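In order, the protein sequences belong to chains S and Y.
Residue 1 is where the first sequence starts when you use my numbering, and the numbers rise one by one after that.
Residue 1 is where the second sequence starts when you use my numbering, and the numbers rise one by one after that.
If you are wondering where the hints come from, they were derived from the structure by calculation, not from laboratory data.
One should not assume that every hint holds.
[To be verified] Partial pick of chain Y residues on the chain S-facing surface, computed with a CB cut under 7 Å:
#: 1; residue: Ile32
#: 2; residue: Gly61
#: 3; residue: Val76
[What the hints assert, rightly or not] According to the in silico footprint, chain S covers these stretches of chain Y (three or more CB under 8 Å from chain S):
#: 4; stretch: 2-9
#: 5; stretch: 24-31
#: 6; stretch: 34-41
#: 7; stretch: 46-53
#: 8; stretch: 62-74
These figures come from a predicted structure and were not determined experimentally.
The beta-carbon is built from N, C-alpha and C at its ideal position, and this holds for glycine as well.
These are the residues of each chain, in order.
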Amino acid sequence: MKSSLAIVGFFISGILGGLFSFVPEFLQDSNLSNYVLYGLMFFVGVNIGSDKNGWNVIKKVKFRILLVPLTVIIGTFIGVSFTSLFIKEINLRDSLAVGSGFGYYSLSSIFITKLAGNVLGVVALLSNIMREIATLLMTPLFLKYFGKLAPIAAGGATSMDTTLPVISKFSGIEYAIIAVVSGTVLTIIVPFLVTLILTI
Amino acid sequence: MVTVIVIMISGILIGYLFRNQKWISGPVGKIITWSIFLLLFLLGISVGTNDIIISNLDKIGLNALLLTVGAISGSVILSYFTFKLFFGKNEK
Numbered sequence: 001m002k003s004s005l006a007i008v009g010f011f012i013s014g015i016l017g018g019l020f021s022f023v024p025e026f027l028q029d030s031n032l033s034n035y036v037l038y039g040l041m042f043f044v045g046v047n048i049g050s051d052k053n054g055w056n057v058i059k060k061v062k063f064r065i066l067l068v069p070l071t072v073i074i075g076t077f078i079g080v081s082f083t084s085l086f087i088k089e090i091n092l093r094d095s096l097a098v099g100s101g102f103g104y105y106s107l108s109s110i111f112i113t114k115l116a117g118n119v120l121g122v123v124a125l126l127s128n129i130m131r132e133i134a135t136l137l138m139t140p141l142f143l144k145y146f147g148k149l150a151p152i153a154a155g156g157a158t159s160m161d162t163t164l165p166v167i168s169k170f171s172g173i174e175y176a177i178i179a180v181v182s183g184t185v186l187t188i189i190v191p192f193l194v195t196l197i198l199t200i
Numbered sequence: 001m002v003t004v005i006v007i008m009i010s011g012i013l014i015g016y017l018f019r020n021q022k023w024i025s026g027p028v029g030k031i032i033t034w035s036i037f038l039l040l041f042l043l044g045i046s047v048g049t050n051d052i053i054i055s056n057l058d059k060i061g062l063n064a065l066l067l068t069v070g071a072i073s074g075s076v077i078l079s080y081f082t083f084k085l086f087f088g089k090n091e092k
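Kindly generate the complete structure, drawing on both the sequences and the hints.
See below:
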């Protein structure tokens, strides 16, 4: 769901449709996207609530494993705060919101578009796609210099699905369960954290 | 945006009530996937019709890259310490 090329395909065909203006008026009505968003959020909720596996995994894991998603959140915030010093156009709060996607680009960019506008939504989409691609490409380097948790930390919310194969190959199969737990916790947190940051 | 959180929490409660109905996860997953497709298509349209975004795509891309570098570096460096302090001891 997070990765598939289809997501990027729909986004790009939307851009082309907009650029060459062969899109019907009613699709440009912002109320439409509001209603779809409300429906989406409801079903994301149903998905979380009915996911027995997810709850069981989180209930069973030891506290030590929960340090990993915590590390990702704090590390991302520190890093993003630092680089946002070099970005004139985006303030600290908006930078933290983009970072809070943790690679989950589809949902985070949709939320950020609603709460902070199109420009930041596009930044969030690109930045979180880059996070996933960089994890896929640079996992061997992260592992070599920063240890076995580093690929999981880089992957963020994607470490439970799209980047899991790469992570378990390089960090070892015993780290796959940590990757799934960390990715699951972050995936659940993304919509709440993004909303919290942009509304306070 | 409080609305969204309220909607989501009611979704979680309803999902929790239906947690033993295995059949719902299939259709729910499909609905989520297609709403995401539709919303990103709509975001694409609003980007395509927005000259300010289109003419600044290079700058937007660069900013996104800077934030990614920050996010990954911060996570990876901090994970080194988490690993050393809480995980490394149990190795070998």
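Tested hints:
1. Look at isoleucine 32/Y: its Cβ gets to within about 5 Å of chain S, closer than 7 Å, so that hint holds up.
2. At a threshold of 7 Å, the smallest CB-CB gap from glycine 61/Y to chain S is about 6 Å, leaving the interface hint in force.
3. The beta carbon of valine 76/Y comes within 5 Å of a beta carbon in chain S, closer than 7 Å, and the hint placing it at the interface holds.
4. Interface restraint, the stretch 2-9 of chain Y with chain S: holds (7 residues with C-beta to C-beta distance below 8 Å; minimum three).
5. Under the rule that three or more residues need a Cβ within less than 8 Å of chain S, the assignment of the stretch 24-31 of chain Y holds, with 5 such residues.
6. Counting residues of the stretch 34-41 of chain Y whose CB lies closer than 8 Å to any CB of chain S gives 7, which reaches the minimum of 3, so the coverage claim holds.
7. Note: the stretch 46-53 of chain Y has 7 residues with beta-carbon separation from chain S under 8 Å; the three-residue rule is met and the coverage holds.
8. Three residues within the 8 Å Cβ limit are the bar, and the stretch 62-74 of chain Y against chain S gives 12, so the coverage statement holds.
Taken one by one, the earlier hints all hold for this structure without exception.
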